[in-house]
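Protein chains: 6
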Amino acid sequence: MTNLSIILLLSLAFSLSVVFAADPSTLQDFCVTNPIGQVCKDPKHVDANDFFFSGLHTAGNTTNPAGSKVTPVFASQLPGLNTLGISLARIDIAPWGVNPPHSHPRATEILTVLEGTLEVGFITSNPENRHFTKVLQKGDVFVFPIGLIHYQRNIGYGNAVAIAALSSQNPGAITIGNAVFGATPEISSGVLSKAFLLDKSTVNYLQTKF
Amino acid sequence: MTNLSIILLLSLAFSLSVVFAADPSTLQDFCVTNPIGQVCKDPKHVDANDFFFSGLHTAGNTTNPAGSKVTPVFASQLPGLNTLGISLARIDIAPWGVNPPHSHPRATEILTVLEGTLEVGFITSNPENRHFTKVLQKGDVFVFPIGLIHYQRNIGYGNAVAIAALSSQNPGAITIGNAVFGATPEISSGVLSKAFLLDKSTVNYLQTKF
Amino acid sequence: MTNLSIILLLSLAFSLSVVFAADPSTLQDFCVTNPIGQVCKDPKHVDANDFFFSGLHTAGNTTNPAGSKVTPVFASQLPGLNTLGISLARIDIAPWGVNPPHSHPRATEILTVLEGTLEVGFITSNPENRHFTKVLQKGDVFVFPIGLIHYQRNIGYGNAVAIAALSSQNPGAITIGNAVFGATPEISSGVLSKAFLLDKSTVNYLQTKF
Amino acid sequence: MTNLSIILLLSLAFSLSVVFAADPSTLQDFCVTNPIGQVCKDPKHVDANDFFFSGLHTAGNTTNPAGSKVTPVFASQLPGLNTLGISLARIDIAPWGVNPPHSHPRATEILTVLEGTLEVGFITSNPENRHFTKVLQKGDVFVFPIGLIHYQRNIGYGNAVAIAALSSQNPGAITIGNAVFGATPEISSGVLSKAFLLDKSTVNYLQTKF
Amino acid sequence: MTNLSIILLLSLAFSLSVVFAADPSTLQDFCVTNPIGQVCKDPKHVDANDFFFSGLHTAGNTTNPAGSKVTPVFASQLPGLNTLGISLARIDIAPWGVNPPHSHPRATEILTVLEGTLEVGFITSNPENRHFTKVLQKGDVFVFPIGLIHYQRNIGYGNAVAIAALSSQNPGAITIGNAVFGATPEISSGVLSKAFLLDKSTVNYLQTKF
Amino acid sequence: MTNLSIILLLSLAFSLSVVFAADPSTLQDFCVTNPIGQVCKDPKHVDANDFFFSGLHTAGNTTNPAGSKVTPVFASQLPGLNTLGISLARIDIAPWGVNPPHSHPRATEILTVLEGTLEVGFITSNPENRHFTKVLQKGDVFVFPIGLIHYQRNIGYGNAVAIAALSSQNPGAITIGNAVFGATPEISSGVLSKAFLLDKSTVNYLQTKF
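Chains as they are written, first to last, in this note's numbering: chain A, 853 to 1062; chain B, 853 to 1062; chain C, 853 to 1062; chain D, 853 to 1062; chain E, 853 to 1062; chain F, 853 to 1062.
Hints may contain errors.
Label-pair restraints from in silico Cβ distances [to be verified]:
no.: 1; chain 1: F; residue 1: G991; chain 2: D; residue 2: P947; range: 15 to 25 Å
no.: 2; chain 1: F; residue 1: G907; chain 2: D; residue 2: P1037; range: 42 to 52 Å
no.: 3; chain 1: B; residue 1: P947; chain 2: A; residue 2: N1056; range: 15 to 25 Å
no.: 4; chain 1: D; residue 1: Y1009; chain 2: C; residue 2: N1056; range: 19 to 29 Å
20 Å max Cα-Cα, derived EDC-like pairs, lysine to aspartate or glutamate [claimed, not checked]:
no.: 5; chain 1: A; residue 1: K1061; chain 2: A; residue 2: D1051
no.: 6; chain 1: C; residue 1: K986; chain 2: B; residue 2: D902
no.: 7; chain 1: F; residue 1: K986; chain 2: D; residue 2: D902
no.: 8; chain 1: D; residue 1: K986; chain 2: F; residue 2: D899
no.: 9; chain 1: C; residue 1: K990; chain 2: B; residue 2: E967
no.: 10; chain 1: A; residue 1: K1061; chain 2: B; residue 2: E967
no.: 11; chain 1: F; residue 1: K1052; chain 2: F; residue 2: E1038
no.: 12; chain 1: D; residue 1: K986; chain 2: D; residue 2: E967
no.: 13; chain 1: D; residue 1: K896; chain 2: E; residue 2: E967
no.: 14; chain 1: E; residue 1: K921; chain 2: F; residue 2: E980
no.: 15; chain 1: A; residue 1: K921; chain 2: A; residue 2: E971
no.: 16; chain 1: B; residue 1: K986; chain 2: C; residue 2: D902
no.: 17; chain 1: F; residue 1: K990; chain 2: F; residue 2: E967
no.: 18; chain 1: F; residue 1: K986; chain 2: E; residue 2: E1038
no.: 19; chain 1: F; residue 1: K1061; chain 2: F; residue 2: E1038
no.: 20; chain 1: E; residue 1: K1061; chain 2: F; residue 2: D1051
FYI, nobody ran anything at the bench for these hints, they're computed from the structure. C-beta atoms are modelled at their ideal positions from N, C-alpha and C, and glycine is treated no differently.
Assemble the whole structure, with the sequences as input and the hints as a guide.
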């Protein structure tokens, strides 16, 4: 057996140590995993840093076409959140910027405005497609029920900042424009022109932009 | 007390009889309600018709712009489904018609093609927005995971028919075009032009069409 | 280290690659696994075929004593269904054949008749043991609540075909006759004769038949 | 307004007082209801007796054909259990008596023997129909997973007593013999003779016995 | 019928109108209720204000013995949160003040510090009772898993402010000191002196203080 | 390749055999795991002993300061309980002994007294902190809702014995005194003196005792 193969074998064994820890634990107050979808880390090796994340006071960079930036603190960023059904995010929006219409397939969102003025809204499912909208100031709170399309827009003169909480450690986000016009591979322009009442050249134009 | 008031009082009392049935039931194999969100109907008054619906063999009328029609069998149509976490729908699509991109906020969908040829697809959430697509023939089955945007298109010469099952008795449906461009009241054109990279006149045109 | 051992080691490492994928994923729109109960397949290696199954238009072979055949499309047949809480099945029943009394320990069932005439029913739990029964024609829909014993019988002149949906990706099925008289090892005949009011020789006879 | 109508109105108002209590509660540590399926009792009117039941030390009457008796402490007997997902039962079995094969559509069962010797078993779902069986003495514990058919038999010389716990406040119980042969109205003998490989006269005989 | 009785009757009818709305809704994107535990408000009467709360920018009054104040935004304060599994709270702590050890019986908590320096910690369940603790600065995030005892203390020179999110619309809070020494009626001092290794006079003293 | 390395490799492969069983199973009536949090054991290797535990008739040793002993039958002791949402425990309390105030972060508890006289109680969450208490005799049953602090005390002349069931296979237990004063590492005495209105020397004394 060569040195290389020993190293291979040992490193394999080591990478398995968390998963096949021989010593049973009587405790499952949490199940820290990384990446998501794997078995629980041995509680003995879990420490306070598994429940910690820093940097949410830093403004996100909004110099992009939408003029907004979401900083997630989901289970991928904070492994201790796994299985616990909650997460946070910071939303920065430059003046007249938009956090464009999107939905979270696995979470309700509740947000509170720390700074600025936001126009927010969500749309109910078929057949009504009712639009619930509200202008929010500092200290205001609003709820976007699970799975519904919603958006935020900064309608004030300065930057707007909000803290959002989501009812899943891995809520997912589907930005409608990106999903519809920016999917990889592309959705057939025949489908999109029919669905959005746009001619195919406009659809093709949008697909190159997204 | 006038006759009218007696009738009012009695009809009120009657409408309450289901809710406050004095006789306790030891059974909750089901909780039939109508409308959704109300308390359970007294099991004694439940019969086989509460679990029955007819007419799913009838083709939906596809003479509409999308060229498609969904016939739901949800808890609103079949009250016995309440709390049981499942429902059905029939999908009819005329040649080159589209069941346009939509999501179900509370359900995964699985469908099987009874007739015709369907191009189907779903798009994953951010950041990948991967497009999983497949052409389905009679007898083929496909799954659309909960909350993700998906669509079907008839790419054959005749009508296409599919039976879909959904993992909720009240899955909801959000047709993206309608929700975004047809919400009531309208979403501000400023939000939509920024989100979809369209000029405001196109947005306004789309809002009048939906 | 011999070639054989290298192959062994590499194949072991390879079989682990899905489970210990080093690259974290921020995405869990689905968790494809095979077999059931294992960790999620790396989303990067998931494609449309993981959500696809074909052949549900093919009639099941009903030349058996019950005169019926169920073709499942559960997570074992369609790995993309894992964790998504839904599945399908096709039920074929020859004239006067029976899909015998059974229950699904983890699912409600809803079915629609594609062809023929079915007598269907379910029985509620103790103490009432009420029998909800209905004759179904093409296009009719019926619900069998989770865990309750139910059956279907073809009471028409031709074959009957139904599509059933179940509220679990792995609903399980307990055919009462098989479970009670065909268990391995056998249930003591003393238990069964007392439970079914049958003499032991009849019980023994049934145990040889199942 | 007559006295009668005043009484009617007031008694109606009174019967509503729990449901429409004007004073919002910030607390839902429990949701006591009676009967099951109704809205929560006002927490202010809940007291310790809502969480209390007495008499589980009293032996059930086993002078019946099965030689066994189950004394339930479900939400119907102990309203404080509502929504809490657990309940208890006492099982008494006379020598050679049987708690006949049954399933709980909504619960796993775990039991411990207080007295006597029990032969117990459960059968897994299709296709294996494996029979897991064990002889239990005083202090032994056994688990019957949710929805699976199981039974207990006293194979000792004295009475047997067990305490069972179930993972639902309203687990339901389906005694196979009663459900199949004792349903109301009867299941067609054609279905049962085919399903249980019995001739119709035996089926009819069993249906009169159950 | 007197005017009074007509008013009584009508006001009764009115208070019922939401609950017994005759017109079925096909929609349950949300279930707004007030108070908690009641049936859903008719979606037609729901508007954006049901999803709105204001005032979270206002500092809580910390002039109390603990030197801290929690301002909740739960379903009682924001009825649109009902059934959606999430809520918010603002935590203000004066220098050296403490949000004393408590647990949430129905929720995990995640918080981020807006201002100041917090020492935070949680303790795992038996037998380890491990203490996970961390000092948090502005922008830091920490997680307290469901049901575990946790606390926050301001160890800086100025006021500390945090926004917490909880994985339930009605998380509940059990402040250990209040629950143990301030319960109504009192817990027997015999229980407490044994449990906390305190003599009865100290227990009695604590009971008068809480 | 040395013999040692072959043994290493084979033992590694063997330890993996359960996890990567090549043969897919169509069955998940249960998911036996040990330790908790790992993948399911191959159903083929599961037998009746995985659902079995013995010894609950043996009195726990109550010669300790609290005068009580809890004997758990959780998933760690009975691996077949995994995922099934239920477990048992035996509680022994010597005369005037106490099962001190504790909570279960993941379970409701229901108990029945087999022997002796118990004073039991639970305390609701803030702001009421109501104390629901009751004296229980043999055969009495009481419920402690999920997450709430509760206790039992033997107020009779002989030993008291109870069987408790919990609505989780791994309920966890947080003994308040141990968690607060016995955490490792210690909670700062500044936090505890403020929270419990005790001077620091008393806090330090308690911390040495627990």
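Results of checking the hints against the structure:
1. G991/F / P947/D: 15 to 25 Å: Since G991/F and P947/D have Cβ atoms about 23 Å apart, the given range 15 to 25 Å holds.
2. G907/F / P1037/D: 42 to 52 Å: Given a distance of about 48 Å, which is inside 42 to 52 Å, the answer is holds.
3. P947/B / N1056/A: 15 to 25 Å: holds (23 Å)
4. Y1009/D / N1056/C: 19 to 29 Å: Distance hint for Y1009/D, N1056/C holds at roughly 26 Å.
5. K1061/A / D1051/A: The given pair, whose Cα atoms are some 16 Å apart, holds under the 20 Å limit.
6. K986/C / D902/B: Holds, at roughly 11 Å.
7. K986/F / D902/D: holds (11 Å)
8. K986/D / D899/F: holds (10 Å)
9. K990/C / E967/B: At roughly 16 Å apart (the allowed maximum being 20 Å), E967/B and K990/C satisfy the hint.
10. K1061/A / E967/B: violated (37 Å)
11. K1052/F / E1038/F: This hinted pair holds, its Cα atoms lying about 13 Å apart.
12. K986/D / E967/D: Within the cut-off at roughly 16 Å; holds.
13. K896/D / E967/E: violated (39 Å)
14. K921/E / E980/F: Judged against 20 Å, a Cα distance of about 17 Å means the pair holds.
15. K921/A / E971/A: Since the Cα atoms of K921/A and E971/A sit roughly 16 Å apart, the hinted pair holds (cutoff 20 Å).
16. K986/B / D902/C: Within the cut-off at roughly 11 Å; holds.
17. K990/F / E967/F: holds (5 Å)
18. K986/F / E1038/E: Roughly 13 Å between the alpha carbons, so the hint for K986/F and E1038/E holds.
19. K1061/F / E1038/F: holds (12 Å)
20. K1061/E / D1051/F: Satisfied, since the Cα-Cα distance of roughly 13 Å is no more than 20 Å.
Going down the numbered hints, you'll see the structure goes against 10 and 13, while the others check out.
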